[in-house]
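Construct the entire structure; sequences and hints are all you get.
Respectively, the protein sequence lines represent chains A and B.
Per the UniProt record's numbering, the very first residue in the first sequence carries number 1; after that it's consecutive.
Per the UniProt record's numbering, the very first residue in the second sequence carries number 1; after that it's consecutive.
You may find that some hints are simply not true.
Stated by the list, open to error - Straight-line alpha carbon distances no greater than 25 Å define the calculated SDA-like cross-link-like pairs of lysine to any residue that follow:
id: 1; chain 1: B; residue 1: Lys-68; chain 2: A; residue 2: Leu-261
id: 2; chain 1: A; residue 1: Lys-18; chain 2: B; residue 2: Leu-104
id: 3; chain 1: B; residue 1: Lys-153; chain 2: B; residue 2: Ile-252
id: 4; chain 1: B; residue 1: Lys-68; chain 2: A; residue 2: Phe-155
Keep in mind that the hints were calculated from the coordinates and are not lab data.
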Amino acid sequence: MQSDLISDAVSNQRRSEKRRWSVISILLIILVFSFVLDIATGPSLLNVRDVAKALLNLIGFPVEVDATTQVIVSSLRLPIAIMAVVVGGVLGVGGAEMQTLLNNSMASPYTLGMAAAAGFGAAMMLYFGSLGINTNIAVPLGAFVCCMLAATFLFALATMRHISSGQLILAGIALLFLFQSLLSLVQFISSPELSQQILFWLFGSLSKASWSNLSIIASVTVVCMFFLIRDAWKLTALRLGEERAKSLGVNITQLRLRTLLIVAVMTATVTSFVGIIGFVGIVAPNIAKMLVGEDQRFFLPLSFIIGAFLLSSASVLSKVIVPGALFPIGIVTAIIGVPFFFWLILGKRR
Amino acid sequence: MLTVNNLNVTLDDLVLANDMSFALEPGKVNVIIGPNGTGKSTLLKTLFGDIHAKSGAISFDNETLQRKQLSRWRKQFGYMPQDIRLDVELSVLEVVLLGQLNTLGFRLDDSVIEEALSALDKIGLLHLADRQVNKLSGGQCQMILFAQALMRKPKILMLDEPVSALDLHFQHVLLDHLDAQTKEQGWITIMVLHDLNLAAQYADNLLVLKDGKLVANGHPSDILTPSLVKNVYNVNADITKDASGIPFVRTIRNIRGASTSKTTEANHQPKTKKITSIAEGII
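Structure representation (structure tokens):
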């Protein structure tokens, strides 16, 4: 009798796992639609069916497609569309892990000052005329170095024995204010042209996507995701609270450091190439949590997919809001994100 | 055998363990009692390696607790901290499964799920397996965390006030199960309790702390006396023994201390009046 009840409960658990995989699959399909739509939209509007054909052609299915369409898809729009997916995914995962690590659903690399530090690094490079290096390399490099500097400061705090998550969040917020002020200072002392250039970088843009920088971002993402997934159960345990995770045998200091390092590398890499894109890091994990809970085996991949979907659809919107012109994507994500943020806060009150 | 020799722990000039020495045997339930802030939770955390001792040695079998080998040391422990809040979007089963954290793979084996469910079944909570923990009561969370601690299959099981949120029924379900498992598996169980009568019923060995000092250590029927209760808690008590020799503590309320009434009638009353307060958890 009891064994029947236990085997029923095992089946329930399997059903629940299957349901969560179905949610992930459905969102993956929605992401594919948004990805195709992202490729189809632009100065010359392409037919979605033609885009699908060109993509099939590209991955080895011999489908007949117009040569111009094929060139536009594979050389111009595909890198940008993939960039939107990867960057959105990375921001989603970065936010998810920051929220897990700091036990706070409002935490993200953006709110902890990492993105602001990257912005400051990029602005400094522009101000100093790229130090004689090629601007396309110097600006991402400056952003990366400063973002890692901010992260190193947070690491140093995280290694201290009696620093709580709450204190880490406060330190991150202090960093955000510091780098924002420094950024304003650089803009203040720059010429109007340079100031505009900095401002445009800060808006965030996918237009600099190329196969070469995409390959860097994609490889960093794959490696980082591997390490995060490996720690999935430990990160899930961390959500029970630090003391409890410790009691389950988790080495909190090591896990914190490792995760912070991974998130910092991912965030620094994407921010250095595309600029500051806010809110995806906060919004994506919160939606993922509502849909599949906080078992990281599901939460982590879904945060990636939702982040990817949000940025991919923001990319579509950024092209159709003002026909013929490219609206900065960072502004679009913030405009979508803010109402959601309010809904989240008010929802919590209920 | 878990042995503690001349343990001294201080936190910000506060002495939380003062030259403490004792040895705990396998298959026994050890209960720590003592007033608030006297170092009971600190002692558990020190044994777990979470708080570093100023001096003294802690060893289990042939291994001594060292800072550098903390992970290996902790593998032998199941530890249920005092905090029972579970504000997380996880199912009861998932929380219990985390007890086996180091053996869980990306895909869960049926056997490990069955083990977690059977742990829940033994404490009468199988029906909650697929419920979200953040929708449960504090007492239910406490029972679930107990099941999680059992899943670790520890050699030493430490529980910090494990029945603080439980109703009478579940207090006994938890403690009976704990007692049976301790004897069956040969664990060294150490728990902090506030209820002296529960402690007297379930302890094979009672450790009484006051101001960071171990003031008594032994079987409850040997050491639990009115003078000990008065000395440790500054409360008067009558202690009787039931047929099986288990002490029963009846605390005595000191009216003069509790009331400031100065009416004539009150002045005619005897200066202390015995009022029995039947300790929670007995009836």
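Straight-line alpha-carbon gap B:Lys-68 to A:Phe-155, limit 25 Å: Given that 25 Å is the threshold and the Cα spacing comes to 21 Å, the pair holds.
Agreement of B:Lys-68 and A:Leu-261 with the hint, judged by alpha carbon distance not exceeding 25 Å: holds (23 Å)
Run the distance test for B:Lys-153 versus B:Ile-252: straight-line Cα separation, threshold 25 Å. violated (41 Å)
Take a quick look at whether A:Lys-18 and B:Leu-104 sit within 25 Å of each other, Cα to Cα. holds (18 Å)
Going through the hint list in order, the structure does not satisfy hint 3, though it satisfies all others.
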